[in-house]
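K.L.:
So the chains spell out like this:
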Amino acid sequence: MQRELIERAKQLLADGTVSRVMGWKAGEFGYDMTPAVFASSEELEKDFRYDDFCEANLSKYMIKESRKEGKILVFLKPCDTYSFNELLKEHRILRENVYVIGVPCTGKVNANAIRSRGIHGITGMSCDGETVTVSTLYGEETVPKNEAMAERCQNCKSKKHVIYDELFGEEGEVTGAPRFRMVEKLESMTPDQRFSFWRKELSRCIRCNACRNVCPACSCEKCVFDNDASGVANKAAADSFEENMFHIIRAFHVAGRCTDCGECSRVCPQNIPLHLLNRKFIKDINELYGEYQAGEDLETKCPLTDYTKDDAEPSIIYQRGGNR
Amino acid sequence: MQKIGVFVCHCGTNIAGTVDVHAVAEALKEEPGVVFSADYPYMCSEAGQNMIKDAIRDYQLTGAVICSCSPRMHEATFRKAATSAGLNPYLVEIANIREQCSWIHKDMPTATEKAIILGKAAIAKVHLNAPLTAGESPVTKRALVIRGGIAGIQTALDIAEAGFPVDIVEKQPTIGGKMTQLDKTFPTLDCAACILTPKMVDCAQNENIKIYSYSEVTDVKGFVGNFRVTIKRKARYVDETKCTGCGICTEKCPMKKVPNEFNLGMNNRTAVYIPFAQAVPKVATIDPEHCNMLKNGKCGVCAKVCTAGAIDYKQKDEFIEQEYGAIVVATGYNPIKLDRYDEFAYSQSKDVITSLEFERLTNAAGPTSGQLLRPSDGKHPHTIVFVQCVGSRDTSGCGKEYCSKICCMYTAKHAMLTREKYPDTDVYVFYIDVRTPGKNFDEFYRRAVEEYGVHYIKGMVGKVAPRADGTLLVQASDLISNEQLKINADLVVLAAAIEPDKTARPLATMLTASMDTNDFFTEAHPKLRPVESPTAGIFLSGTCQGPKDIPETVSQASAAAAKVIGLLVKDKLTCNPCVAHSDEWMCNGCSSCEKVCPYGAITYSDKEFKMPDRTIAIRRVASVNEAVCQGCGACTVACPSGAMDLKGFSNRQIMAEVDAICK
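Sequence lines, in order, name chains A and B.
Residue numbers for the first sequence follow my numbering, so the first one is 1 and each next one is one higher.
Residue numbers for the second sequence follow my numbering, so the first one is 1001 and each next one is one higher.
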């Protein structure tokens, strides 16, 4: 697959369709694939990678890249196309400056998923599509790939590309994976249990802002947390409890626009399962206003910023379990 | 440094009865920025207002907090007082310590504590208030009246009489509405057509009135003084300017089996038709659903016989755009469908009819030329049962919970007229209550009972069953003598509830005018502003606002006209300065605000920006048309970045209030 993508990218560069290519290259560690822009065939040949480790969602980069001179080629995995669509809907990406190639994805290997199995001192990883071979300071280990993936890939919501100019491989299907199980578990807790769960998780936050910076829905020109006049910026940093509010406020801000790409949890250096907050919103929206998948298309109006006569009344929200 | 004055009103004992006003004034004196704080029995009185004015001058106040009644009551009063003393009116804040405090509490310490908190919140807000200046917008001196029944006609005539141009948009091929279908009108029994048709002719002849018949409003943009309305002129396949209304086409049309809606389907009309003799405009219309020429291109008789050459099978729907300063809604009513009332056998028997059908049966222009004949066999009925409240005052969920208001009187009229014309007829009226509050109404009803011998029976009809001999068995209860009655009737007349016309709901959405759960338009104030909608520039005329008889409809129609005239004589309107505005530097261009704006006040454009890094960037940013914005604040909530804010109610001000309350 990697070879084919490089060849096609070189072609599109050569015929002038695009002037740049956005893909992945090896990061600090060989298994840590990092978003990168390539301007020539030579750069592509040297650094371009597409393999089982290319986790990063490239959609958000298109906000800035599509505003630069010339057209850019971007490779998007199925789940990334949802983010791309949502950004198009919000007029954040100039569509005419982007050439989208949909690339197939069978789930990506996640280093944290491997570490959580008690494998430490990782020095390198490789994957043949079935098994991940992990070299560590203490010797070599093997892990089946489907157990080496992050939760978002294990419960992949869709193998379908919702937008592209060109597609590699077969078109996939929306999977309908049971991605709300953990949310259901949290809902079934008592408020005290739930509070302590989130206190435990969120108290680890170091406010590095990685989740916000990577989130495709967090694309504000000026983030409220960076804006002293917003009245929110200081609130969230006043003490460790209010610090936790950062994540709650952020979840509210992206509610209805979050496509559940899971990048927030992937980049969190403290391994906080941040995506669960967003999924709770998604689940509630589905239950209260009918199934809605942000980014699925460009036309459907988000239930939170649209009014229909069938909208749930507050009393109905209570009946439907909105009191939980 | 802020210098804030606090003024605590006693409102007689309204506030002072449960709030220790003096303690409130003393406590608020300690708040930061407060340089003056006092209480007074009636702040709204001249002496009270002078106290505010004096304090503004003496202490050079930069803001004022009035702890008093709801801002709905006296905000304008206090703002005017502040303006006259040289303080910007938007630096005045009201803390509502009456409706939201003294009236709802019994315990003085609790109420006092709450009044102090409400005062603190207002002080916290006024610290962040900025002086605002209201802009002006011009007024288009033309009114639109939607639907031309008696309500629309009266409103249009009154506005036109005052010298302003008015357009009537009527869905039907003619104006006149329901009143054209009525026979006589209560309580004076004058003929409906005799009093209505001169007004219809007046409309047609008035230079200031333009009638768009067979037309509909399809889009409304803009705001009070500046509405831009799209009107769809449906193709009637007849050139209105050429047609003389001679009617020859209607005589020659071979398609003669079209149910005649004017007679409620009780007889037929032709595919090309003029609804009735006095139609205005008196122009034929081709019904495309039944015309053979339009359906399959075979016929063309009307075009051949028309000497004026008015027939045009190729006519297309036409859309015209027109600007108006004011819009009057006069969409009227319809009787409800009776298919949910099987017990009355309305769908089983032709001899069970609605009151409106009864009107047509007794009308000289009706299907029986005014003879009261049974629809089934054309014989004179000798026993007639009238059933009141069919679907009105109905809490079963089948009908309407409200009283339709007109049925008691028209049923008395029907009963009386029947007895007068056909004294050999037995007439029964079944009722829950007889409601006759109106000038000469009760006298009229008593005449029906006392002079005309109509049998009024308190009780509801349980069942109407068609019998083999063609009569109808009416089973009912007489609640006063506590008996079950069985009456063999020849004709049963159902006083069906009335409901707003079905076009009202989508129209309300277009106009952003509010409606109640029954789809009646809501008035701006149920007692004090009954002919205005809460949406500025939208006025209500007739039964679209609630059930009404003709005299009431006409008086309301004239009242609406007076309000419209009051608006159109102004050259300019003062805008509300508490409108949204967008911080372009923070705007993402995401369109969230545009999508939620109910007034279409937000537009996006690409603008050039000199960025901090000295580059030039073209960014898509929102801007608010301040004349269109009504300050509802929906956009400020939808905006993800906080770029949208509301002047006078900024996020910071609201948060400051919340903080003051939570301290």
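Hints listed in this document are in silico derivations from the structure and should not be mistaken for laboratory results.
Check the hints yourself; a few may be wrong.
Each computed DSS-like pair below joins lysine-lysine, with the alpha-carbon atoms no more than 25 Å apart [as the list claims (entries may be wrong)]:
no., chain 1, residue 1, chain 2, residue 2
1, B, 1242, B, 1232
2, B, 1607, A, 222
3, A, 222, B, 1595
4, B, 1210, B, 1221
To list a few chain A residues with every Cβ distance to chain B over 12 Å, as calculated [what the hints assert, rightly or not]:
no., residue
5, 19
6, 63
7, 112
8, 127
9, 130
10, 182
11, 305
Using C-beta positions, here's what the derived DEER-type ranges look like [what the hints assert, rightly or not]:
no., chain 1, residue 1, chain 2, residue 2, range
12, A, 290, B, 1104, 37 to 47 Å
13, B, 1661, A, 137, 22 to 32 Å
14, A, 308, B, 1317, 46 to 56 Å
15, B, 1659, A, 104, 50 to 60 Å
16, A, 160, B, 1527, 53 to 63 Å
17, B, 1109, A, 290, 47 to 57 Å
18, A, 270, B, 1615, 53 to 63 Å
19, A, 34, B, 1595, 32 to 42 Å
20, B, 1132, A, 169, 58 to 68 Å
21, A, 308, B, 1377, 30 to 40 Å
22, A, 129, B, 1659, 32 to 42 Å
23, A, 290, B, 1658, 28 to 38 Å
24, A, 170, B, 1610, 44 to 54 Å
25, B, 1595, A, 154, 47 to 57 Å
Beta carbons: idealized from backbone N, C-alpha and C, even for Gly.
K.L.:
If a hint holds in the structure, say so; if it doesn't, say that too.
P.N.:
Hints versus structure:
1. Of the supplied pair hints, the one linking residue 1242 of chain B and residue 1232 of chain B holds, its CA atoms being roughly 20 Å apart against a limit of 25 Å.
2. Distance restraint check for residue 1607 of chain B and residue 222 of chain A: the Cα-Cα separation of roughly 17 Å lies within the 25 Å cut-off, and the hinted pair is therefore satisfied.
3. Distance restraint check for residue 222 of chain A and residue 1595 of chain B: the Cα-Cα separation of roughly 21 Å lies within the 25 Å cut-off, and the hinted pair is therefore satisfied.
4. For the suggested pair residue 1210 of chain B and residue 1221 of chain B, the alpha carbons sit about 21 Å apart, so the restraint of at most 25 Å is met.
5. No beta-carbon of chain B comes within 12 Å of the beta-carbon of residue 19 of chain A; the shortest separation is about 19 Å.
6. Non-interface status of residue 63 of chain A relative to chain B is broken: a Cβ of that chain comes within 12 Å, the nearest being about 9 Å off.
7. With a least beta-carbon separation of about 29 Å from chain B, residue 112 of chain A lies farther than 12 Å from that chain, consistent with its non-interface assignment.
8. Here residue 127 of chain A stays apart from chain B, with its beta-carbon at least about 38 Å from theirs, past the 12 Å limit.
9. At roughly 42 Å from the closest C-beta of chain B, the C-beta of residue 130 of chain A stays outside 12 Å, upholding its exclusion from the interface.
10. Residue 182 of chain A, annotated as away from the interface, keeps every beta carbon of chain B farther than 12 Å; the closest lies near 26 Å.
11. Listed as outside the interface, residue 305 of chain A is inconsistent with that label: its C-beta sits roughly 5 Å from the nearest C-beta of chain B, within the 12 Å cut-off.
12. Judged by the Cβ atoms, the range 37 to 47 Å given for residue 290 of chain A and residue 1104 of chain B holds: they are separated by roughly 39 Å.
13. The supplied range of 22 to 32 Å is broken by residue 1661 of chain B and residue 137 of chain A, whose beta-carbon atoms lie about 58 Å from each other.
14. Between residue 308 of chain A and residue 1317 of chain B the Cβ separation comes to about 28 Å, which falls outside the hinted range of 46 to 56 Å.
15. Checked against the given bound of 50 to 60 Å, the beta carbons of residue 1659 of chain B and residue 104 of chain A, roughly 53 Å apart, stay inside it.
16. A beta carbon spacing of about 59 Å between residue 160 of chain A and residue 1527 of chain B agrees with the range 53 to 63 Å that was offered as a hint.
17. Distance hint for residue 1109 of chain B and residue 290 of chain A: a CB-CB separation of about 49 Å, consistent with the stated range 47 to 57 Å.
18. For the hinted restraint 53 to 63 Å between residue 270 of chain A and residue 1615 of chain B, the CB-CB distance of approximately 36 Å leaves it violated.
19. For residue 34 of chain A and residue 1595 of chain B, the hinted distance range of 32 to 42 Å is satisfied, since their beta carbons lie about 36 Å from each other.
20. At about 60 Å, the beta-carbon gap between residue 1132 of chain B and residue 169 of chain A stays in the expected band of 58 to 68 Å.
21. A C-beta distance of roughly 50 Å is found between residue 308 of chain A and residue 1377 of chain B, which places it outside the suggested range of 30 to 40 Å.
22. The hinted range of 32 to 42 Å is not satisfied by residue 129 of chain A and residue 1659 of chain B, whose Cβ atoms lie roughly 57 Å apart.
23. Between residue 290 of chain A and residue 1658 of chain B the C-beta distance comes to about 33 Å, which sits within the given range of 28 to 38 Å.
24. In this structure, residue 170 of chain A and residue 1610 of chain B meet the distance hint of 44 to 54 Å, their C-beta atoms being roughly 48 Å apart.
25. For residue 1595 of chain B and residue 154 of chain A, the Cβ-Cβ distance of about 35 Å falls outside the hinted range of 47 to 57 Å, so the restraint is violated.
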